[in-house]
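Guided by the hints, dock chain Z with the ligand onto chain W, whose structure is given.
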Amino acid sequence: MADLKESPSQTAGPYVHIGCMPTFAGLEGMFHGTDLGARMITGDPMGDRITLSVRIIDGAGDPLTDAMVEIWQPGPDGGFGTTTGFSNWGRQPTCADTGDAVFETLMPGAPQGQAPHVFVWIAARGINMALMTRIYFPDDTNRSDPVFTRAGDRAGTLVATLADQGFSHIIHLQGEKETVFFDV
Amino acid sequence: MTDLIASRDLDWHPPPLAPDYRSSQLRAPQNARLHYDPTQTEMSGPTFGHVLLGKLDDDLILNYAQAGEAAIGPRIVVHGKLLDENRRPVPGKLIEVWQANAGGRYRHKRDGYLAPLDPNFGGCGRCISAADGSYSFRTVQPGPYPWPNGGNDWRPAHIHFSIFGDGFAQRMITQMYFEGDPHIALCPIVQAIPGDAAIDTLVARLDMDATIPMDIRAYRFDIVLRGRAQTLFENRMEGL
Ligand SMILES: [Fe+3]
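Going line by line, the protein sequences match chains W and Z. Numbering follows my numbering, in which position 164 of the first sequence is assigned residue number 164; successive positions increment by one, without gaps. Position in the second sequence (from 1) plus 1000 gives the number in my numbering.
Isolated chain W (complex conformation) (with noise of 0.2 Å):
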């Protein structure tokens, strides 16, 4: 039986990448110079390329210029063992031209019982606590996966789009297309 409560979650607020990319905020030479999870394709991995690209749209319409989004996807054997060369987690900030955030990395394959996917993770201001979603791509097997067709008729907002060199997506936080968010 638990006897402590988890630490309420707070805001990431507008500065989380000092903190968590202290090279992409300026801090030249912390860290060694390296934000964490930048990279996610480190060698020379087996697998498919893919480039995700991932924006997040905000009641008004506007992309979010000021968040941070990790991802965590299994690696192309469906698995979240090593991979070598490969990286199943990446860390990237939301652009604050575009609002892109934008992964380098391997197409996921399915984890057993489920579809291909890439679990994404939100933090940012205006944010209380981190969301949760998930990102499919076009396949026939997402109709028997539990996670999707737990979203009923509200999975097409979790499915990518096909673009020029991978995928893209949209995460809309409010409104008709509003995106499917799990509490997981």
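These are computed hints drawn from the structure, not numbers from a lab. Only a predicted model underlies this, so the values are computations on that prediction, with no experimental measurement involved. Misleading hints may appear alongside valid ones.
Here are the simulated DSBU-like pairs of lysine-lysine, each with C-alpha atoms no more than 35 Å apart in a straight line [unchecked claim]:
(1) Z:Lys1081 to Z:Lys1055
(2) Z:Lys1109 to Z:Lys1055
(3) W:Lys5 to Z:Lys1055
(4) Z:Lys1081 to W:Lys5
(5) Z:Lys1055 to W:Lys177
(6) Z:Lys1109 to Z:Lys1081
Chain Z with the ligand in isolation, oriented as in the chain W frame:
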């Protein structure tokens, strides 16, 4: 056998929409979050080894300072334990922190507060929890700062924390406040948390036992990640 992460008590956390915190108005999803029990995707997550860390990563007093110099402000060590809800230590987890300087100014191009930058203070640090869950870092006490929220709004002095757990289901970002700060009761970001008992867990206590005479004061701040709820057979873990 595999442990399952306990469900999150959403009533203990701030809701997405906290109208007095204006930034939440356009950023709070309007539909309820859909619940599912963590799959292997959320039960797993990145791991970080000590090899990652530089010698001064946990020392904000020195890690941006010129040789022989130091950040200005009240010297403090912030320490505590990373635990789960079952009071078990959570070892080997990355903790990242960031904060304003002693005057309340962030080293960030979007922060234009009147208080000056401190050339010897960057404002970020990181460490990895030890085998017994303990962690600590040295810094200067941050100042309160004003922020645009439509009124005369000042943040209580605070340190931002980003914490990894065993899997993404435990991942969290929060803020630590300081005992006795009158701004805690006035801050719409803090007060978005529904209960005083929950808020109190984010308030660090002055710790005279860990304070080093003539050197540095200590504040104690324990962090709690979601615990393990049930034990299930491996074959029920697949999918949902
Ligand atoms: Fe802050």
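Quiz prompt | Hints breached by this structure | solution = 5
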